[in-house]
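A.B. asks: Letter by letter, the chains look like this.
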Amino acid sequence: MALSREQIAMRVAQEFKDGSYVNLGIGIPTLAANYVSDDISVMLQSENGLLGMGRYPSENEVDADMINAGKETVTASTGASIFSSAESFAMIRGGHVDFTVLGAFEVDQQGNIASWMIPGKLVKGMGGAMDLVAGAKNIIVTMTHADKHGNSKLLEHCKLPLTGVNCITHIITDLAMLEIKDNAFHLRERAPGVSVDEIREKTAGNLIVEGDIPEMRV
Amino acid sequence: MAGFDKVVSSYEEAMAGLKNDMTIIAGGFGLCGIPEGLIAQIKKMGVSGLTVVSNNCGVDGFGLGILLEDKQIRKMVASYVGENALFEKQLLNGELEVELTPQGTLAEKMRAGGAGIPAFFTATGYGTPVGEGKEVREFNGRPYIMEESITGDFAIVKAYKADRYGNCIYRHTAQNFNPMAATAGKITVVEVEEIVEPGEIPPSQIHTPGIYVDRVIQGTFEKRIERKVTRSA
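Protein sequence lines correspond, in order, to chains A and B. Each residue of the first sequence is one higher than the one before, counting from 172 in my numbering. Each residue of the second sequence is one higher than the one before, counting from 5 in my numbering.
Chain A with its partners taken away, still in its complex shape (with noise of 0.2 Å):
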């Protein structure tokens, strides 16, 4: 069965090592926050500049001087940091951020990711999806398989302006987790109860099945 989104955030809370500094994106990737592992410590960026964004606050501990990335409300963890948002962006930029989870509209076999503009309609803003895609050593892109009118969204070229190109390496769907490389998708994990043809069906770029393909633990 496809996976829920909260199993997708239980999956790519696996990726994340001890000791990684993560930025996690609007959506299902901050979901991502409430299954990491009690036997590591991550430490999550968010891009408005601070460095171990800690949970939600209590009522009494609202501060409207303590935001995330996503305007909201939040507290600092043990351990953070703050600084401007030239810092942020450097640290992003510079390749100091081990992970960065993002979702996207389209995903293409070289990599590429469009994620923040579709024609015709109002564009808001890349915000800051731009410079973490050109920045981040390890891009997981989080999306479902395919649209709702069941059109693939891993594609031979994106057809939606880009985010970014050839930088996205890992892929995890509600179907299953992809790795990027050599122009194609490689399958490398299978959500539990799909099949490698559902999958192969629903992906429009070319895949490549080798072996047995494992189901994912979630």
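You may find that some hints are simply not true.
Unchecked claim - Calculated lysine-lysine pairs in the DSSO-like style (CA-CA distance at most 30 Å, straight line):
(1) B:K227 <-> A:K295
(2) B:K23 <-> B:K93
(3) A:K295 <-> A:K188
(4) A:K292 <-> B:K232
(5) A:K295 <-> B:K93
Hints in this document: simulated from the structure, not taken from any laboratory. From a predicted model like this one, the values you see are computed outputs, not experimental measurements.
With chain A fixed as given, assemble chain B onto it according to the hints.
C.D. replies: Frame of chain A; chain B shown alone:
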């Protein structure tokens, strides 16, 4: 002492010299860390044709959003502008021009502008609509686009405390774009929660040295919260 005393006592004095068609660089991220009183003064002055450089454009009725009410902004340079209906309306009418700029590139444009660096190369935006028409250079096998820096006629900044000499510190994530904005204005005006005497802020803890600051004004702040989220007890 008077020579370095930057404190002004009225908003009129704080924004004196602002004219139509000028460029204003504004600190703030969403509604966090914005110079509320300086924005209100710009509205009161009624200047128009402004180019405003800021990560966002406030919300309907608050922050930079209030400058849309009388169509004072001609062009907005920002990374994300999705939060106000009036912005959308003026954009679709063609009354407002917007230059969407990646957030890190925007911060660096301000930083470079204030630091006397006219342009820089970044991988951000290469191969996307942001990179169209911009010079591309390869360094170590990777393509980068050239981005030009930004300076403004005015910079409007919100700090937590400043001393009379204009040395500033920011509070929590209200820092955001403020330190870069402070360096990039021909005239930099800082609105603060508290003015202290020189020497009260330890020198090594100053975020923005007073050399960048021209005017300091004591403000009062509503500090509206855009998205209040709490955990259950």
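A.B. asks: Against the structure, test the hints numbered earlier, and report the numbers of the ones violated in rising order.
C.D. replies: 3
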